[in-house]
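So the protein sequences, as listed, match chains H and S. Read left to right, the first sequence gives residues 4 to 888 (the numbering used here). Read left to right, the second sequence gives residues 4 to 888 (the numbering used here).
Since the hints were derived computationally from the structure, they do not count as laboratory data. There may be inaccurate statements among the hints.
Pairs of lysine-lysine residues, derived as DSBU-like cross-links and limited to a Cα-Cα distance of at most 35 Å, are as follows [what the hints assert, rightly or not]:
{"hint": "1", "chain 1": "S", "residue 1": "Lys746", "chain 2": "H", "residue 2": "Lys792"}
{"hint": "2", "chain 1": "H", "residue 1": "Lys818", "chain 2": "S", "residue 2": "Lys729"}
{"hint": "3", "chain 1": "H", "residue 1": "Lys197", "chain 2": "H", "residue 2": "Lys363"}
{"hint": "4", "chain 1": "S", "residue 1": "Lys821", "chain 2": "H", "residue 2": "Lys818"}
{"hint": "5", "chain 1": "S", "residue 1": "Lys746", "chain 2": "H", "residue 2": "Lys20"}
{"hint": "6", "chain 1": "H", "residue 1": "Lys58", "chain 2": "H", "residue 2": "Lys167"}
Covered by chain S, per the in silico footprint, the following chain H stretches (three or more residues, Cβ under 8 Å) [unchecked claim]:
{"hint": "7", "stretch": "675–685"}
{"hint": "8", "stretch": "710–722"}
{"hint": "9", "stretch": "770–782"}
So, partial list: chain H residues that the calculated Cβ filter (under 8 Å) puts toward chain S [unchecked claim]:
{"hint": "10", "residue": "Ile123"}
{"hint": "11", "residue": "Met666"}
{"hint": "12", "residue": "Pro668"}
{"hint": "13", "residue": "Arg755"}
{"hint": "14", "residue": "Leu758"}
{"hint": "15", "residue": "Asp788"}
{"hint": "16", "residue": "Lys792"}
{"hint": "17", "residue": "Ile802"}
{"hint": "18", "residue": "Leu803"}
{"hint": "19", "residue": "Ala814"}
{"hint": "20", "residue": "Lys818"}
{"hint": "21", "residue": "Leu819"}
C-beta: ideal position from N, C-alpha, C; glycine also.
Protein chains: 2
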Amino acid sequence: MKKYVYYFDEGNKEMKKLLGGKGANLAEMTKMGLPIPQGFIITTEACIEYTKNQKQFPEGLWEQVQDNLKKLEKNSNKIFGNIENPLLVSVRSGAAISMPGMMDTILNLGLNEHTMQGIIKKSNNERFAFDSYRRFIQMFGNVVMDIKGELFERILEETKQKEKVENDSEISISGLKEVVKKYKELVYKEIGEKFPEDPQKQLRMAIEAVFSSWDNKRAVTYRRIHRIPDDLGTAVNVQEMVFGNMGTDSGTGVGFTRNPSTGEKENYGEYLLNAQGEDVVAGIRTPKSLTQLEKEMPDVYKQLIEKVKILENNYKDVQDYEFTIEKNKLYILQTRDGKRTAQAALKIAIDMVKEGLIDKNTALKRIDPNQLNQLLHRRIDPNIELEPIATGLPASPGAASGKVIFTADEAEKRGKNGEAVILVRQETTPDDIHGMVQAKGILTSRGGMTSHAAVVARGMGMPCVAGSNDIIINLEKELFKVNDKIIKKDDYITIDGGSGHVFMGKVPMIEPKMSKEFKLLLSWADNIRKLGVYANADTPEDSKKARDLGAEGIGLCRTEHMFMAPERLPIVQAMIIADNKKSRQIALDKLLPMQKSDFVKILEEMHDLPVIIRLLDPPLHEFLPNYEETLAKVAQLKSTKENKDELKKQEKILERIEMLREMNPMLGLRGCRLGLLYPEIYEMQARAIIEASIELIKQGIRVKPEIMIPLVSHINELKPIYNSIKKIAKEILTREKIVLEYKIGTMIELPRAALTADEIAEYAEFFSFGTNDLTQTTFGISRDDAEGKFLLKYVEEGILKDNPFEVLDPAGVGKLIKIGVELGRKTNPHLEIGICGEHGGEPNSVEFCHNAGLNYVSCSPFRVPIARLAAAQAVLKEKSKNSNN
Amino acid sequence: MKKYVYYFDEGNKEMKKLLGGKGANLAEMTKMGLPIPQGFIITTEACIEYTKNQKQFPEGLWEQVQDNLKKLEKNSNKIFGNIENPLLVSVRSGAAISMPGMMDTILNLGLNEHTMQGIIKKSNNERFAFDSYRRFIQMFGNVVMDIKGELFERILEETKQKEKVENDSEISISGLKEVVKKYKELVYKEIGEKFPEDPQKQLRMAIEAVFSSWDNKRAVTYRRIHRIPDDLGTAVNVQEMVFGNMGTDSGTGVGFTRNPSTGEKENYGEYLLNAQGEDVVAGIRTPKSLTQLEKEMPDVYKQLIEKVKILENNYKDVQDYEFTIEKNKLYILQTRDGKRTAQAALKIAIDMVKEGLIDKNTALKRIDPNQLNQLLHRRIDPNIELEPIATGLPASPGAASGKVIFTADEAEKRGKNGEAVILVRQETTPDDIHGMVQAKGILTSRGGMTSHAAVVARGMGMPCVAGSNDIIINLEKELFKVNDKIIKKDDYITIDGGSGHVFMGKVPMIEPKMSKEFKLLLSWADNIRKLGVYANADTPEDSKKARDLGAEGIGLCRTEHMFMAPERLPIVQAMIIADNKKSRQIALDKLLPMQKSDFVKILEEMHDLPVIIRLLDPPLHEFLPNYEETLAKVAQLKSTKENKDELKKQEKILERIEMLREMNPMLGLRGCRLGLLYPEIYEMQARAIIEASIELIKQGIRVKPEIMIPLVSHINELKPIYNSIKKIAKEILTREKIVLEYKIGTMIELPRAALTADEIAEYAEFFSFGTNDLTQTTFGISRDDAEGKFLLKYVEEGILKDNPFEVLDPAGVGKLIKIGVELGRKTNPHLEIGICGEHGGEPNSVEFCHNAGLNYVSCSPFRVPIARLAAAQAVLKEKSKNSNN
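This is chain H alone, in the form it adopts within the complex:
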């Protein structure tokens, strides 16, 4: 018979896959001799079989649970369901990968009318007993029996109102008894069955509920967001209860071995006396700082600090632990590697290298590249004097401005629409995740640094101000009050998660600077990575930013944005509506010096580094006014009959818009197709690039322009453009007697280009995979149309593991890239190959590019540090893979 249940002393920390993170760590701590309430773990395999087997326990599971329960009774000297000396247990989920707040927990299991008597007698504390009982019914009713939590909350609220008290802990014993009675009535009313009295039945139902919760919506969403596979299953931890709510000599708390926000080596945490488990993290009462415990209970505090120091040394990483004090006795309830801000992660990793705890490669592996994002975003300009309207806890660093929105659903909708929104809530719950993901920042009026909002926001690298008590939210009227101010839905506010301040309106921000830890870690990364890291930048400002952040070149300099500048657009439009080559040339002649000056500035900024400039790509109608508006304008002009010249002009524009309108512009007249139809456009651009380079060379500045032709599907499209550019360049360079290093290459962004890369490499001197378009054509999915309509749903439902526009699809798009690299290098072994789609800054995709043998990735400037780290991690992963083989 398969072993489905492990007693704590049968496991260790290496067994996470089987026992879940929580279980493996409980086993490890047991092995270390730390003060752990005893218990046992039901394996993830049991959960997987239960799920597969139409929610039936696998054979032998229940018997093994009973055996282990016996052992626990023996060790605890208590008996499960016994009136005199009842054993109470907690039942918690614990997956292999930590999923905080996502899964369900039940405390005080084993309580019923009978065992209550034993508890009262043994604790000699009726209030404690009934408090535990009502908590149990509430949790069990909500989690196992699926009754809405707010129904229980309402009963509790009513009782508090009746008794005119504010905190749960102030409710009288008779009040608690009343609550228990009403809870049971509620259960009966909602379910049509009595609340289960039999502790064995309670246990079985709780285990089943944990198993089932693996597939609840919150858990599934969390796994999507964090890219955790669906088939891991969760373990179930059954553990003897210890009680932090036995009075003021009891308490419960959470802590970190180092500050998870700054990384400082300090004792960091929060606790509440006379409270149980969830009270601290749920943010219902505002907890005290751990340093306070040193004063309130110096012995317990000393013990705690000793024990967690042992923990950190054992795990060689920051530990996030929970503890409970039952009548002055300390218990560690769980430990795990602590989540931390990016800033903290960097400091901790570097400090631990200095302390000799870990080596540099381990430090590099420790940092989640995506998390660096939060260090690379803006903060409020410190030179501006601002009066905050409110202050809360600095729960997750970074600043954000946005419109105030009060519900997760609306935040999701508006955020997806591209609006900047700040989600404002009393406190957040896992049900709000979908809205939090789409917000620019979170503001809560309750809860601490370890509240749900704070933890989640830190994980996502999103600014958060938590527990701002100044704020009074009126959900119904969709506004919040702060002192005498009223902020309505859609008003702009700015939050600063670094200081905890909240400001009215939008506020000037400044760009982030990299800390010395950040720079040090990236220098370690640079030493081992093999991929080059370029940036996508279209302006001198972005180029500078990119260079500052470590970009080794510009991988994609789009020229269309230069066409969009307000003073240029009329000239561009004149070019487009030109009837003939001559009048088109007149417009182009005006554009030439403008384009040239753009290139001069960018090339100067990027001196000595390659700058890959893409010739005009988008369909021409993108430069023309909106169709419906022009239609209306023409109708208007016709009716007034006043301005005939204007009418003529507008009619011409309208005619051209109509001519250029396309069914599927993505697949229409754009890229090199434009360049072939109107050769004079690319000729102007090539001339501008060459002339700009010459101007700089004459000033003694070394430049490396590379000219990139977009949307090539066939070598015969590239050939004439290549020849024409070569000819122009030769003419100018010969005339100016200048030698210029430059290349002409192409985007590989259509399947056919990848499939015929051997032919294309006969002309192209470099390839740049345009994975945005390549993903669109390989999947046959228009990103504009699909994301809202079905693509996100695909990801939610697991049809696609990732959104292929975020994470490069290895099986399809990736296969084309591999084909393209192989064929291209067959023709030209020294072909320079990179990627300039948005995937260039996404760590999984960077790893793919490393493995596919690309020369560089190119991404937005802020993502350059992420790519640098990810590229280093790709090398480390490859090494560890090779050493495992």
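Dock chain S against the given chain H, drawing on the hints supplied.
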């Protein structure tokens, strides 16, 4: 030194690549001892080197020309440029692949003021001499010196008007002298140089002109249309002149050894006495039938028939020959395999097999599958009594209705717009090709069965009525008169190229029937082909047609057309605007019996054969009204305020149209994406298919439905749909206790599907390559947008060899197909794989499919015979390739 020039006795018919078709045949005929005016051939290699070498003669060419000219002088006893006894030559192009009318010819070269004296003296015929001279100046001036032909024609016309004669041959000697003078003045005026007097210079210029004409626009267009490579080059034939214009004992003619229109074994041809070369084919004078020659010159006729019989036996194919009679002496001037109608091609091939001239495989190879098209199109319903308004020569069989258009440019434009047009011209020239290609039929008022219009139309399988003298065209007023009727531009007419009749308006047509020759040949094809041939058909009528034409199944039965029927559309729309699953289901419940009855009829028609039914594919907005119209309707309803219910309904429709509008519908919410978002639609369709099958099985009819899921890019899209259909089918079949053979498979129409075909084949029981969409996504080209805007230009300019939507692109799309086949069969070696894009009926693509190992091709019903033949030819080509290796 390379040999660039071959005297006629140095070559043979196998040397076409080097000597061109004309030259190789002249050499062959010389070898056969036929009466050929002697001469020599400049090779295609010389042309290629000339083109490569910036229009310089390759080294040694001119010297070799001189050597061969010497030999020709010796053989002819005449001297080039000599006053007394001048040798005159023709200079003609001759490419390896026959390009009639495309390349340029110069006759009577060697004439000048001096040699004219010799010609007059020797021929004793001043009229002949000056007629020859003015022809030479006209041809040379036009072809070599690039002076517009109409300028020469105008001088000739003026002379005729002055002399009040109708035909060129009636112009007086003094008139001809005047013409020669004016021609020379014209040349000087246009070019600023005198017409060259030196015969050597004439010869050199003529050779250069032929070389250059390889790249003239007409030739390039012809090569595009006929898919002839651009790098073959043309040979130049220099041949002693013989003269058909020496009087009434002289003449010139063309003939076929069998009737090229019907295939009958008869002497077929036309001639003119006292005429030269181009007169017959140019259609300027209407020629006499060859049978007339038997009466006019019985000896010459007998000789001619004997000689061409020898020719046919030698070439084992119908010969298209030219001859000239110079003072009762017969000369054969050239021969080539005769172009013929499809009907003739079939009859000739089968007759030749019966005669033992060729074997069956040769017969199969002889037929151009594309040509069969003309046998498969409509003709005028013979049961209708119709009065033709005019009659001409039945120049190319088939009937067509269309709007009258008078210029090639407009015919091209309107034809590309999808309008049916009939190009009406006095006579056509190679400059009209671009318009002819886009017309449905050609009507000319002058010229015979071998006129340009007739030859080209037959080649393209396009109906043509030629030389309808009843018709008087007024180009300026854009109309033609016929008796007392006036037919204006854009009026509809119908032409019947089988009878030569022209009718007013559109006329009822009937479908073609296959001749017994056609059926016999296809039965030979069926015996050797390996590919199955299915048809794309959405209706019982099309299914029947397909089966009659030999389809072995339906490869693509689209279900969306069934949704478009007027009585169903409101229900479909109700389904689309449904807010919820329930009201959507109500609409679907109404559609179910309708869909079922469609499938019953189609499956019944196709009993015992597979029918592949594709579930709903297009985006839903295609079923909704036009956006702009609905917008207007809503505005209208709002202003009248009368019909509030209708307003509400229209507003809802408008809202839904707006919601469903897409930037790139090709890549949007369609295909299986719809099926996943609204599973109830596919469920209804699956149910309809299974229930229809059961209904027929109960009647004892064997059916083989196959259900096809469109637009799959990832196995996870197919999986849930597959499972859902399986479940529905199992439920119904179990309930009805029926065993049904059916399959569930998928389209492979996105690059990702081909690239992950191994995964997809784990569920899909068949693949059908949807090469229309696969071409769109592989190239990143929207066919709707591209064809008018740049794709045809790409083909014209040689950027693409073929339009990839017509001929499957082997290097890109084809590579994906091969990848898909290989991966699919790796998972499932017995996977059934076909193609259902429009390429399925295109011979080159059929050959590709054969070579790629597909099981079948599926095409429109009329293309089924073409595919059957092409599939057989693919086998023969493969065999001959293998035997060559």
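Hint check results:
no. : hint                 : verdict
1   : S:Lys746 to H:Lys792 : holds (30 Å)
2   : H:Lys818 to S:Lys729 : holds (31 Å)
3   : H:Lys197 to H:Lys363 : violated (59 Å)
4   : S:Lys821 to H:Lys818 : holds (15 Å)
5   : S:Lys746 to H:Lys20  : violated (41 Å)
6   : H:Lys58 to H:Lys167  : violated (46 Å)
7   : 675–685              : holds (count 3)
8   : 710–722              : holds (count 5)
9   : 770–782              : holds (count 5)
10  : Ile123               : violated (53 Å)
11  : Met666               : holds (4 Å)
12  : Pro668               : holds (7 Å)
13  : Arg755               : holds (4 Å)
14  : Leu758               : holds (5 Å)
15  : Asp788               : holds (4 Å)
16  : Lys792               : holds (5 Å)
17  : Ile802               : holds (4 Å)
18  : Leu803               : holds (6 Å)
19  : Ala814               : holds (5 Å)
20  : Lys818               : holds (5 Å)
21  : Leu819               : holds (7 Å)
When each numbered hint is compared with the structure, violations occur for hints 3, 5, 6, 10.
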